[in-house]
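In order, the protein sequences belong to chains A and B. For the first sequence, the numbering used here puts the final residue at 459, and the numbers step up evenly by one. For the second sequence, the numbering used here puts the final residue at 233, and the numbers step up evenly by one.
Just so you know, nobody snuck in bad clues.
Short derived list, chain A residues pointing at chain B, Cβ under 7 angstroms: (1) Asp-231; (2) Ser-234; (3) Ser-250; (4) Thr-258; (5) Ala-262; (6) Ser-273; (7) Asp-275; (8) Asp-332; (9) Ser-338; (10) Cys-339; (11) Ile-340; (12) Gly-452.
Keep in mind that the hints were calculated from the coordinates and are not lab data. Don't be surprised by glycine CBs; every beta carbon is placed ideally from N, CA and C.
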Amino acid sequence: MADLAKLGRRGFLTRVGGSIGTLMLAGCDDRLSENPDVVRILDGAEAVSRFVQKAVTSKTALAREYTEAEISRDFRANGTTEPSDPDYQSLARNGFADWRLVVGGLVVRPGSFSLAELKEMPSRMQITRHDCVEGWSCIGKWKGVRLGALLDRVGPHPEARYIMFFCADVMDLSGTKYYESIDLDGAYHAQTILAYEMNDLALPIAHGAPLRLRDERQLGYKMAKYIMSIELVADFTQIGNGSGGYWEDQGYEWWAGI
Amino acid sequence: MANPRVIYRHPLWVRSAHWVNVICMTVLLMSGLQIFNAHPALYWGDVSDFDNPLVAISGFPGWATLPGSQWLAMGRRWHFFFAWGFVANGIFYTLIAIARGHLRRDLAPSLKDMRQIGYSIRQHLRLRFPKGVEAMHYNVLQKFAYLTVICVLCPLIIFAGLAMSPQLDATYSSLLWIFGGRQSARTVHFICAFSLLAFVIVHLLMVLVSGVWNNFRSMITGWYDIGEHHG
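Only chain A is shown next, with the shape it has when bound in the complex:
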């Protein structure tokens, strides 16, 4: 009797040990990570992180701002550093004099703005920390038009929920150009700007000239560079593969608050 019970227990334990071993092996050869059901379950954590972070943080709290002395001498450029698109290159050759930011979608007064026009709009200067999803951080000084002020200018429709950014940098061989999205909370935050200056100079091409997004409470990939147009949308399921951004469609979280 006792032997039988012991055998049963041993059998059970062997199976538990075996399962853990299988799990680890499966993890190693990526089978679990490629299983759509597993991915769907793991994705649940993003909604939890987003909900909890929104619930416990203030909508208006400012990201920490640093001093001039703390600015990184070697600010690594994230993502594309030299867009190959010929149209972009001809704009760049001309110092972006012919570039215009097109703003449309769910807005009352769609329009387009030259760099000079954007520079006349309410601006903000900030020295902030840039956190890349890879793990590194750099501090830079940014000046740009407040996205909230630009949105007020075009007048969002009540059903507009997200701001889509369409960019000039080609990301793959099929010619997909970078796109990103943030929500209205992010867009109207005081530190959310479309930067045209970095460290007191015109925004360099490596950092997204002529215009890039700064959303200081999210990771670097949210901060679209080489912005060509902005569109206000109710949802982004019809754009790209429907996850709201180029990297999101490659499996990164839309919510990049952590």
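Assemble chain B onto chain A, guided by the hints.
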């Protein structure tokens, strides 16, 4: 009782919290190494001074990471899902441990324990482990090891992880202050992870040398053979 040498050592809630933790910490460590491999260097302070890292390596091998190939997006998915599991499990454990007096009764070292530290160290070095009545409780070194993990390493690794969140940093700027900057927090997170790994290695060695089958059974079924009759 058929066999008075066998005592009920670990209640069900301790056992389930233990095994949930085994799964969470395994996934967290392996996916954490995957995330680390995206930029395998550590820094101190707010930013990454790329020319002066504290440590820079070429990355951990694929057998140690989840997923096994370089795949940051999926590593983050694994990490954050099991981070929530780890936190939920930790809250579950802590609340019951306090409510049932497990912390006070079984884990807080007594005065008698404190006087026995030297003796306990000598016994451990000789690989002699308590039997009989003595084996009915955690020994003093066990208590210190468990308390360090529960009260220091686990909270520290969670807060260091949270300090890496730019969203949380905006509202809770003290997170940055506590660790001395986001890159310091990342380094502390890494050190805590390897301290926990060191704990697990020692823990497994102790399980091995003090009776692997008896220990394993007690963490599955709760029943532990103290090696001598008692009562």
